[in-house]
Amino acid sequence: MVIESYFLQIILSAVVILLLPITRYIARKLVSKYGRLIHMPDARIMQVKHIIMILLNIIFIFTIAMIWGVDPNNLLLGLSSV
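Take the sequence shown: its position 40, counting from 1, is numbered 39 in numbering that gives the first Met the number 0, and each next residue is one higher.
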């Protein structure tokens, strides 16, 4: 069967997809705590959170692509053309 040949990729993808919300939650909490610790304005904390969420999403997209065997050079070439 086709599913059996991709079983490892499916499991790893599921783990990565489940880790995304957990990682985002932890990152938000850490940024909030650190921002309040150094008395950063709330607007700046929100900006930092937004940038970190974007970076986490990009990292997870690259991770999923690597799991499925996409060549990093091809992925970067596609992103640069967009």
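I should point out that these hints are in silico values taken from the structure, not numbers from a laboratory. Remember, it's a predicted structure, so these values are computed and weren't measured experimentally. Any given hint could turn out to be false.
In silico SDA-like pairs for lysine to any residue, Cα to Cα no more than 20 angstroms straight-line [what the hints assert, rightly or not]:
no. : residue 1 : residue 2
1   : Lys28     : Arg43
2   : Lys28     : Ile44
3   : Lys48     : Pro71
4   : Lys28     : His38
5   : Lys32     : Leu17
6   : Lys32     : Ile44
7   : Lys48     : Val30
8   : Lys28     : Ile50
9   : Lys48     : Asn72
10  : Lys28     : Ile2
11  : Lys48     : Ile58
12  : Lys28     : Ala13
13  : Lys48     : Leu29
14  : Lys28     : Asp41
15  : Lys32     : Leu55
16  : Lys48     : Gln8
17  : Lys32     : Phe59
18  : Lys48     : Ala13
19  : Lys48     : Ser79
20  : Lys32     : Thr22
21  : Lys28     : Ile66
22  : Lys28     : Gln46
23  : Lys28     : Asn56
24  : Lys28     : Val69
25  : Lys32     : Leu11
26  : Lys48     : Met65
27  : Lys48     : Ile25
28  : Lys48     : Asn73
29  : Lys28     : Phe59
30  : Lys48     : Gly68
31  : Lys48     : Arg35
32  : Lys48     : Ile37
33  : Lys28     : Phe6
34  : Lys28     : Leu17
35  : Lys28     : Ile53
Verification of the hints:
1. Lys28 with Arg43: Holds - the C-alpha atoms of Arg43 and Lys28 are around 15 angstroms apart, at most 20 angstroms.
2. Lys28 with Ile44: 11 angstroms, holds
3. Lys48 with Pro71: Not satisfied, since the Cα-Cα distance of roughly 26 angstroms exceeds 20 angstroms.
4. Lys28 with His38: Holds: Lys28 and His38 sit about 15 angstroms apart, inside 20 angstroms.
5. Lys32 with Leu17: Violated, at roughly 24 angstroms.
6. Lys32 with Ile44: Measuring from Cα to Cα gives roughly 10 angstroms; hence the hint holds.
7. Lys48 with Val30: 7 angstroms, holds
8. Lys28 with Ile50: Status holds; Cα separation ~14 angstroms.
9. Lys48 with Asn72: Status violated; Cα separation ~28 angstroms.
10. Lys28 with Ile2: 38 angstroms, violated
11. Lys48 with Ile58: 15 angstroms, holds
12. Lys28 with Ala13: 24 angstroms, violated
13. Lys48 with Leu29: Status holds; Cα separation ~10 angstroms.
14. Lys28 with Asp41: 13 angstroms, holds
15. Lys32 with Leu55: At roughly 18 angstroms apart (the allowed maximum being 20 angstroms), Leu55 and Lys32 satisfy the hint.
16. Lys48 with Gln8: 30 angstroms, violated
17. Lys32 with Phe59: Cα-Cα ~24 angstroms, so violated.
18. Lys48 with Ala13: 25 angstroms, violated
19. Lys48 with Ser79: Distance ~25 angstroms between Lys48 and Ser79 Cα, so the pair is violated.
20. Lys32 with Thr22: Roughly 15 angstroms between the alpha carbons, so the hint for Lys32 and Thr22 holds.
21. Lys28 with Ile66: Since the Cα atoms of Lys28 and Ile66 sit roughly 28 angstroms apart, the hinted pair is violated (cutoff 20 angstroms).
22. Lys28 with Gln46: 14 angstroms, holds
23. Lys28 with Asn56: This hinted pair holds, its Cα atoms lying about 17 angstroms apart.
24. Lys28 with Val69: The given pair, whose Cα atoms are some 32 angstroms apart, is violated under the 20 angstroms limit.
25. Lys32 with Leu11: 31 angstroms, violated
26. Lys48 with Met65: 26 angstroms, violated
27. Lys48 with Ile25: 11 angstroms, holds
28. Lys48 with Asn73: 29 angstroms, violated
29. Lys28 with Phe59: 19 angstroms, holds
30. Lys48 with Gly68: 30 angstroms, violated
31. Lys48 with Arg35: Holds: Lys48 and Arg35 sit about 13 angstroms apart, inside 20 angstroms.
32. Lys48 with Ile37: 15 angstroms, holds
33. Lys28 with Phe6: 34 angstroms, violated
34. Lys28 with Leu17: Answer holds: Lys28 to Leu17 is near 18 angstroms, not above 20 angstroms.
35. Lys28 with Ile53: 16 angstroms, holds
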